[in-house]
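A.B. asks: Based on the sequences and whatever the hints tell you, model everything.
Here the protein sequences come in this chain order: A and B.
Take the first sequence: its position 179, counting from 1, is numbered 179 in full-length UniProt numbering, and each next residue is one higher.
Take the second sequence: its position 116, counting from 1, is numbered 116 in full-length UniProt numbering, and each next residue is one higher.
If you are wondering where the hints come from, they were derived from the structure by calculation, not from laboratory data.
Just so it is clear, the structure is predicted and the values come from calculations on it, not from any experiment.
No residue lacks a Cβ here, since even glycine has one placed at the ideal position from N, Cα and C.
Be a bit skeptical, because a hint or two may be false.
[Unchecked claim] Selected chain B positions facing chain A (Cβ under 10 Å, derived; list incomplete):
| id | residue |
| --- | --- |
| 1 | 111 |
| 2 | 138 |
| 3 | 155 |
| 4 | 245 |
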Amino acid sequence: MSNMTTLSPGWAPNPCGARRRRKDRVATILGMIAAGILVLVLTSILWTLLARGIVGLSAGALFKPMGPPGSGGGLANAILGSVIQTAMALAMATPLGLGCGIYLSEYGSKQNRFASCVRFVSDVLMSVPSILVGLFVYQVLVAPFGHFSAFAGSVALAILAVPIIVRTTEDMLRLVPVSMREAGAALGATRWRVTLFLCLRSAKTGVLTGILLALARVSGETAPLLFTSLGNQNWSFSLNHPMASLPVTIYQYAGASYDDWVQLAWAGALLVTLGVLAINIAVRFSARRG
Amino acid sequence: MTLAPARQPEKVSVSEHTEKRSNADTAFQAVVGGCSLLVLIVLGGLVVLMGVGGQDAFKTFGLGFAFRDVWNPVSNEYGAWAPLFGTIISTLIGVLIATPLAFGTAFWLTAIAPPKISAIVGTAVQLLAAVPSIIFGMWGFFTIVPFMARHVQPFMMHHFRHVPGINMLIHGAPFGTGLMTAGLVLAMMIAPFMTAVMRDVFSAMPGMLRESAYGLGATRWDVMWKVVVPWSRSGMIGAIVLGMGRALGETMAVTFVIGNVTAVGWSLFAPRSTVASLIALQFPESPAGSLRLSSLLALGFILMLLSFASLSLARMLRGDSK
Chain A
1 MSNMTTLSPG WAPNPCGARR RRKDRVATIL GMIAAGILVL VLTSILWTLL
51 ARGIVGLSAG ALFKPMGPPG SGGGLANAIL GSVIQTAMAL AMATPLGLGC
101 GIYLSEYGSK QNRFASCVRF VSDVLMSVPS ILVGLFVYQV LVAPFGHFSA
151 FAGSVALAIL AVPIIVRTTE DMLRLVPVSM REAGAALGAT RWRVTLFLCL
201 RSAKTGVLTG ILLALARVSG ETAPLLFTSL GNQNWSFSLN HPMASLPVTI
251 YQYAGASYDD WVQLAWAGAL LVTLGVLAIN IAVRFSARRG
Chain B
1 MTLAPARQPE KVSVSEHTEK RSNADTAFQA VVGGCSLLVL IVLGGLVVLM
51 GVGGQDAFKT FGLGFAFRDV WNPVSNEYGA WAPLFGTIIS TLIGVLIATP
101 LAFGTAFWLT AIAPPKISAI VGTAVQLLAA VPSIIFGMWG FFTIVPFMAR
151 HVQPFMMHHF RHVPGINMLI HGAPFGTGLM TAGLVLAMMI APFMTAVMRD
201 VFSAMPGMLR ESAYGLGATR WDVMWKVVVP WSRSGMIGAI VLGMGRALGE
251 TMAVTFVIGN VTAVGWSLFA PRSTVASLIA LQFPESPAGS LRLSSLLALG
301 FILMLLSFAS LSLARMLRGD SK
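C.D. replies: This is the structure we're talking about:
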């Protein structure tokens with residue numbers, strides 16, 4: 001403390017200030033440690049994935065279908081299954097989410113009870129545990145038909161994607177200035193034209209960001225697929241049958257006691273993570289530019 | 001000018017035209033309104049179907065289902081207490097660890113770090129939030145679990161075995177799996193998410209308040225603790241509750257590291273199970289229409305209620321701050 005007083009000549013010694021400065025320094029260090037821990041966790045995850053996954057990432061892993069342990073199987077059908085189901089899910093979720101988002105921003109004023117109800121529900125859906133979505137789709141689309149299907153998996157993923165698209169669409173449309181709507185209306189355009197061709201177009205980047213974020217979220221989801229599309233050892237292109245997907249395959253293989261399966265699980269995990277992170281980075285860059 | 005006469009004939013049908021116009025508008029509104037209705041129906045269906053699917057279990061075991069401490073597929077007796085206990089305790093541990101981490105990180109990012117470093121670290125934190133949960137599970141299983149088994153647990157056993165109170169918490173063979181490990185992994189998953197929300201809350205504060213505090217000679221911590229925190233208290237609690245909601249329903253990450261034993265006990269280092277992990281593990285092997293399946297759905301219903309309650313709370317608190 002005597003150090004402090006000599007450091008600031010011309011000032012009356014202020015023990016209280018010294019204590020505050022010390023507190024500040026401790027808080028700064030603790031905050032830095034907290035941020036450091038989070039960065040460390042990310043590095044640790046990426047390092048583990050790279051160290052263990054890159055070995056298994058061969059042409060065989062990428063282009064051969066899954067097979068019994070020791071037979072040199074790959075992940076190709078799981079990768080394709082994931083792509084198909086994710087694409088289907090987005091094809092369903094995008095129009096629905098856009099429609100709902102447009103409704104909320106264009107017709108959903110504060111007084112509109114229905115709109116605030118939908119807004120709340122969409123929020124709830126955004127944070128609903130994904131495994132419950134899987135259970136729900138199981139009861140609606142799997143149990144009545146008696147078999148698992150890729151279609152059910154896509155629907156489960158779509159339910160997870162919709163609220164994200166709704167939220168970003170609404171937020172982005174609300175950012176469009178009123179003057180633009182007025183200009184459109186003054187030119188004699190109908191309301192739907194104004195909404196679709198003026199507002200939606202000017203909010204294009206933001207809306208696209210939402211869709212990409214939904215894609216990133218959905219492509220790593222495992223829990224909702226466990227009871228819906230189940231997984232498949234072979235090639236499968238039928239939406240009416242169980243279909244393999246990368247996350248579910250990772251889940252099955254990671255817990256297996258065969259070395260080559262575990263290695264494939266790591267390779268798959270590396271692929272999924274790189275894909276998801278790449279989408280996120282792309283979104284951040286496009287958002288910064290837009 | 002030259003266009004005006006050419007347009008003249010069209011104007012005759014102007015009323016018809018506007019009618020078509022309003023028709024199109026009505027149709028458009030109906031379509032987007034229908035989309036909204038569909039979203040509403042999906043959630044309604046989710047809640048109702050969980051309840052309906054679980055009614056067998058609720059009928060057989062009564063409302064006490066939630067507090068029965070048995071999960072025995074052999075004698076066909078089920079109760080939700082063991083997995084519920086696991087869910088609640090692991091979530092609590094996760095939130096307790098994640099809150100100071102998120103608060104510290106948000107504080108450092110908004111008030112201390114130089115802008116460039118803050119941008120990089122902020123991106124890293126957001127990327128961490130985007131990592132799929134199954135990856136957290138594998139990472140936890142292959143790095144945290146062995147670490148707990150080899151270092152933390154033996155250390156705790158060695159030093160705290162004879163301390164009353166603590167010895168209860170650390171009792172058990174060093175498997176490395178359990179509530180503590182699950183809580184740690186959950187904390188790492190929800191901390192970046194909470195950081196992002198807290199950062200938004202902090203930066204939503206009018207800059208003038210901050211500046212006037214600095215002008216009075218406050219240190220950065222003073223500003224944080226005495227100006228920012230009181231101003232954004234409800235938003236911060238909202239962030240914590242949102243993180244809690246995520247931890248409650250987390251499935252894949254927890255399934256990897258919790259050990260999956262349906263039991264209740266004080267030890268934080270013994271294998272346990274949570275609602276979500278139990279559903280993920282036992283659902284595939286439960287025959288349709290069985291009491292076991294119904295019990296799992298009833299568990300899902302309870303989980304739904306928990307997550308619903310936490311979200312409503314978070315929304316209320318965040319609504320206050322805006």
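A.B. asks: Each hint needs a verdict: does it hold in this structure or not?
C.D. replies: Structure-based check of each hint:
Interface hint status for residue 111 of chain B: upheld, as the beta-carbon distance to the closest one in chain A is roughly 8 Å, under 10 Å. Nearest Cβ of chain A to the Cβ of residue 138 of chain B: about 5 Å, under the 10 Å cut. The hint holds. The beta carbon of residue 155 of chain B is not positioned within 10 Å of any beta carbon in chain A (closest approach about 19 Å), and the interface hint is therefore violated. A cut of 10 Å between beta carbons decides the hint on residue 245 of chain B: the least distance to chain A is about 5 Å, and the hint holds.
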